[in-house]
Amino acid sequence: MISCRKAAELMSGELDGRLSGWQRFALKTHLLLCSGCVIARKQFHWLQKMAHIAGTEPKATEQLCMDEKTDLPPEAAARIKAMLEQAPK
Amino acid sequence: MPDAPLTDTGPQQPLRVLPDSQTWVDEFGGILYRYAMLRVDDRQIAEELVQETFLAALKSRNGFRGTSAPSTWFIAILKHKILDHFRQQEDKPSGSQQLENAPFVDGLFTFTLHYRVKPSAEPSDPAHDAENMDFWRIFRRCLDSLPENHRRAFIRVTVDGVNSGDACRELNVSATNLSVLLHRARSRLRPCLEKNWLGTARRGNEDGRRI
Chain A
221 MISCRKAAEL
231 MSGELDGRLS
241 GWQRFALKTH
251 LLLCSGCVIA
261 RKQFHWLQKM
271 AHIAGTEPKA
281 TEQLCMDEKT
291 DLPPEAAARI
301 KAMLEQAPK
Chain B
221 MPDAPLTDTG
231 PQQPLRVLPD
241 SQTWVDEFGG
251 ILYRYAMLRV
261 DDRQIAEELV
271 QETFLAALKS
281 RNGFRGTSAP
291 STWFIAILKH
301 KILDHFRQQE
311 DKPSGSQQLE
321 NAPFVDGLFT
331 FTLHYRVKPS
341 AEPSDPAHDA
351 ENMDFWRIFR
361 RCLDSLPENH
371 RRAFIRVTVD
381 GVNSGDACRE
391 LNVSATNLSV
401 LLHRARSRLR
411 PCLEKNWLGT
421 ARRGNEDGRR
431 I
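Read top to bottom, the protein sequences are chains A and B. Counting from 1, position 71 in the first sequence corresponds to residue 291 in my numbering; the numbering is continuous, with no gaps. Counting from 1, position 13 in the second sequence corresponds to residue 233 in my numbering; the numbering is continuous, with no gaps.
Worth flagging that the hints you see were computed from the coordinates, not collected in a lab. Hints should not be assumed to be uniformly reliable.
To give a feel for the contact side, a few chain B residues facing chain A, derived at Cβ under 7 Å [as the list claims (entries may be wrong)]: (1) A276; (2) L278; (3) P290; (4) G327; (5) L333; (6) V379.
Even glycine gets a Cβ: it sits at the ideal position worked out from N, Cα and C.
Required output: the full structure, derived from the provided sequences and hints.
This is the structure we're talking about:
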């Protein structure tokens with residue numbers, strides 16, 4: 221019987237479609253006997269869906285970019301503005 | 221003659237207008253820079269990518285159809301610039317980057333390899349969570365707590381949908397090590413989100429700020 225640690229590794233491989241038949245069997249068997257890993261697997265699948273939404277829903281994509289500590293440095297902003305003004309339109 | 225049906229805008233969606241290019245940097249420079257920084261993690265490269273995005277936008281602004289928000293349009297251009305950036309990187313011998321040992325994944329488990337904190341919170345409807353601004357703030361905080369290469373692997377593969385061959389080249393790791401990075405990222409994000417979101421009353425809160 222594989223460990224919970226190994227099961228978590230296989231669950232990640234499952235999301236990426238990289239499991240062999242034997243690995244799928246080992247994971248299924250573990251899940252029959254371990255309620256914690258059943259929940260963990262649901263959470264991993266949920267995480268995968270949230271990540272997909274973050275990449276495909278424009279509003280979610282922008283929400284994930286929210287970060288008060290990071291902004292375009294003022295020098296770069298000034299440089300890009302000047303360049304945009306000079307660029308042929 | 222009947223009106224031509226509007227495509228993909230929905231009945232109540234008014235067409236959006238692209239603002240004047242003089243306002244672009246102030247209005248969209250920040251979000252584009254943050255989007256790029258999450259993916260390249262190099263200030264100078266991120267600045268260059270933002271600059272190239274605005275230049276390309278200037279050339280093709282007649283292509284803006286108004287069916288999406290201007291920010292969405294700029295981000296779509298930036299996505300292409302990021303792909304170009306990684307493709308133009310001179311071909312390094314791929315897979316040369318070795319991974320450091322990561323005790324933090326093992327820290328989630330006891331010495332018998334069981335969970336220290338047993339997963340217990342049932343996840344709910346992803347679409348419902350996605351509408352809550354608090355969720356994305358917490359997701360971002362959990363992402364920020366990851367080591368840089370784990371975060372980038374997770375974002376490029378699971379958020380951006382980059383195929384594993386391209387992701388290996390971008391991150392300069394072998395296919396096996398990419399799997400390890402993804403596993404470690406997920407194994408850290410899962411308990412972070414359980415602790416701060418799934419297992420809390422926040423997510424059921426109907427007053428949560430909508431995005």
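Please verify that hint: A276(B), Cβ, nearest Cβ of chain A, below 7 Å or not. violated, 11 Å
For the hint on P290(B), does the least C-beta distance to chain A fall short of 7 Å? violated, 11 Å
Using Cβ atoms only, decide whether V379(B) comes closer than 7 Å to chain A, and label the hint accordingly. With a minimum Cβ separation of about 4 Å from chain A (threshold 7 Å), the hint on V379(B) holds.
Hint check: is the beta carbon of L278(B) less than 7 Å from a beta carbon of chain A? For L278(B), the interface hint holds, since the closest Cβ of chain A sits about 6 Å away, which is under 7 Å.
Satisfaction of the G327(B) interface hint, Cβ to chain A closer than 7 Å: violated, 11 Å
Does L333(B) hold up as a contact with chain A if the rule is Cβ-Cβ below 7 Å? holds, 3 Å
In this structure, the earlier hints numbered 1, 3 and 4 are contradicted, and the remaining ones agree with it.
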